[in-house]
Amino acid sequence: MKYLLASVLVFLSALPALAADWEIPRPQLEIPEQLAQAAPVQLAHAPAVRNRTTRNTYDEALSLPRGRGSYAQSQRQQTATITGTPVQVPQNHAASYAANPTADPRVGRLYIAGAVSGVFADDANANSTDALANAILQSLAVEAEFDTGYGALAAVGWRVLPAEEFGPRLELEAAYQKNDVTKLTSTAGILNVAGDMSVFSVMVNAAFDLYTGTAWLPYFGAGAGFANVDAEVTAAGLSLRGDDTVIAGQLIGGVAYALSDLTFLTLDYRYFLTDEVNIAGGLIEPSFHKVSLGMRHQF
Numbered sequence: 159m160k161y162l163l164a165s166v167l168v169f170l171s172a173l174p175a176l177a178a179d180w181e182i183p184r185p186q187l188e189i190p191e192q193l194a195q196a197a198p199v200q201l202a203h204a205p206a207v208r209n210r211t212t213r214n215t216y217d218e219a220l221s222l223p224r225g226r227g228s229y230a231q232s233q234r235q236q237t238a239t240i241t242g243t244p245v246q247v248p249q250n251h252a253a254s255y256a257a258n259p260t261a262d263p264r265v266g267r268l269y270i271a272g273a274v275s276g277v278f279a280d281d282a283n284a285n286s287t288d289a290l291a292n293a294i295l296q297s298l299a300v301e302a303e304f305d306t307g308y309g310a311l312a313a314v315g316w317r318v319l320p321a322e323e324f325g326p327r328l329e330l331e332a333a334y335q336k337n338d339v340t341k342l343t344s345t346a347g348i349l350n351v352a353g354d355m356s357v358f359s360v361m362v363n364a365a366f367d368l369y370t371g372t373a374w375l376p377y378f379g380a381g382a383g384f385a386n387v388d389a390e391v392t393a394a395g396l397s398l399r400g401d402d403t404v405i406a407g408q409l410i411g412g413v414a415y416a417l418s419d420l421t422f423l424t425l426d427y428r429y430f431l432t433d434e435v436n437i438a439g440g441l442i443e444p445s446f447h448k449v450s451l452g453m454r455h456q457f
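So the sequence shown is numbered by our numbering: it starts at 159 and just counts up by one.
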């Protein structure tokens, strides 16, 4: 756990430096020879370039109108008038989407996201802060087993200005999940129990979008933060309950599909784990596998 969290923190700290070194490509406008030699030239839909750094950097470099439809407009041929003769001027926009030509993930910088999750908890070894009890638990190899649970998450993020093939982004995520505890297993047998374990986490994630030239946008990333783990277990008339706040980390891999210029359907897998949790003297180190279906909207 500690090695994974250290790797995640190094990854997060290195991201700004990596992004700063990337060279951002600028699309080039191909001008027919007869148009280049003619004057004057009037381009329909070609206002002056604004000297501002906004989410429309690419569109402004092309002298295209700003706004939600600017990417779609960049795919249309612009009409120029030369001495009364219309000439078609082709536009060349980097990394256009073949499957959905109106979807460009580089338009929006600020974004919000949400998802619902199926949560699968790994069996957790049970230990104790009491030396004698801990020796007994270890000798019996006691493990806690969990049912499949559920969860939800919400995030707000910022897309770092992307390069040709990688689109880095940073986000702040809040998530909740819950799994029922079903049994304690050991070399002595199985003890059926009733209870649950819930986790509320706040994570800082770093992710990379991989441009494919289609409406499909794979991504991967990692995150680190804190988790509050609350657990309650009842067995043989005895009840154990407590909570603890510990360091947490996660690895992320998934794919997004462009539904429109700024809205994406997302499906991802997350491996989420925490440091050792102290629940009223009982020690466990939980880990989870989460499959999440959600939406991301960029502004």
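Careful, some of the hints might be misleading.
Claimed, not checked - What follows is a set of in silico ranges between Cβ atoms, one per label pair, in the way DEER data are often shown:
#1 Thr372 - Thr392: 27 to 37 Å
#2 Ile294 - Pro376: 45 to 55 Å
#3 Thr372 - Arg399: 46 to 56 Å
#4 His455 - Tyr308: 19 to 29 Å
#5 Thr403 - Thr345: 24 to 34 Å
#6 Ala293 - Leu398: 17 to 27 Å
#7 Glu301 - Met453: 16 to 26 Å
#8 Gly439 - Gly276: 44 to 54 Å
#9 Val449 - Ala291: 16 to 26 Å
#10 Leu451 - Ala291: 39 to 49 Å
#11 Ala438 - Ala293: 14 to 24 Å
#12 Thr372 - Thr345: 10 to 20 Å
#13 Asn292 - Ile270: 42 to 52 Å
#14 Leu268 - Gly439: 16 to 26 Å
Simulated from the structure, these hints should not be mistaken for laboratory data. Remember, predicted model here, so these are calculated numbers, not experimental data. Ideal Cβ placement from N, Cα and C applies to all residues, glycine included.
Structure-based check of all given hints:
Our hint of 27 to 37 Å for Thr372 and Thr392 is violated, since their Cβ atoms are close to 52 Å apart. Roughly 48 Å separates the CB atoms of Ile294 and Pro376, a value that falls within the hinted 45 to 55 Å. Between Thr372 and Arg399 the Cβ separation comes to about 50 Å, which falls inside the hinted range of 46 to 56 Å. Judged by the Cβ atoms, the range 19 to 29 Å given for His455 and Tyr308 holds: they are separated by roughly 23 Å.
Separated by about 32 Å at the C-beta atoms, Thr403 and Thr345 satisfy the suggested range of 24 to 34 Å. Checked against the given bound of 17 to 27 Å, the beta carbons of Ala293 and Leu398, roughly 19 Å apart, stay inside it. The hint said 16 to 26 Å for the Cβ distance between Glu301 and Met453, and at roughly 37 Å that hint is violated. The hinted window of 44 to 54 Å between Gly439 and Gly276 is violated, with their beta carbons roughly 31 Å apart.
Between Val449 and Ala291 the C-beta distance comes to about 36 Å, which lies outside the given range of 16 to 26 Å. For Leu451 and Ala291, the Cβ-Cβ distance of about 42 Å falls inside the hinted range of 39 to 49 Å, so the restraint holds. Checked against the hint of 14 to 24 Å, the pair Ala438 and Ala293 passes, with Cβ atoms roughly 19 Å apart. Checking the proposed 10 to 20 Å range against Thr372 and Thr345 shows it is violated: the Cβ atoms sit about 53 Å from each other.
Look at Asn292 against Ile270: about 45 Å separates their beta carbons, and that is inside 42 to 52 Å. The hinted range of 16 to 26 Å is not satisfied by Leu268 and Gly439, whose Cβ atoms lie roughly 45 Å apart.
Checked against the numbered hints above, the structure violates hints 1, 7, 8, 9, 12, 14; every other hint is satisfied.
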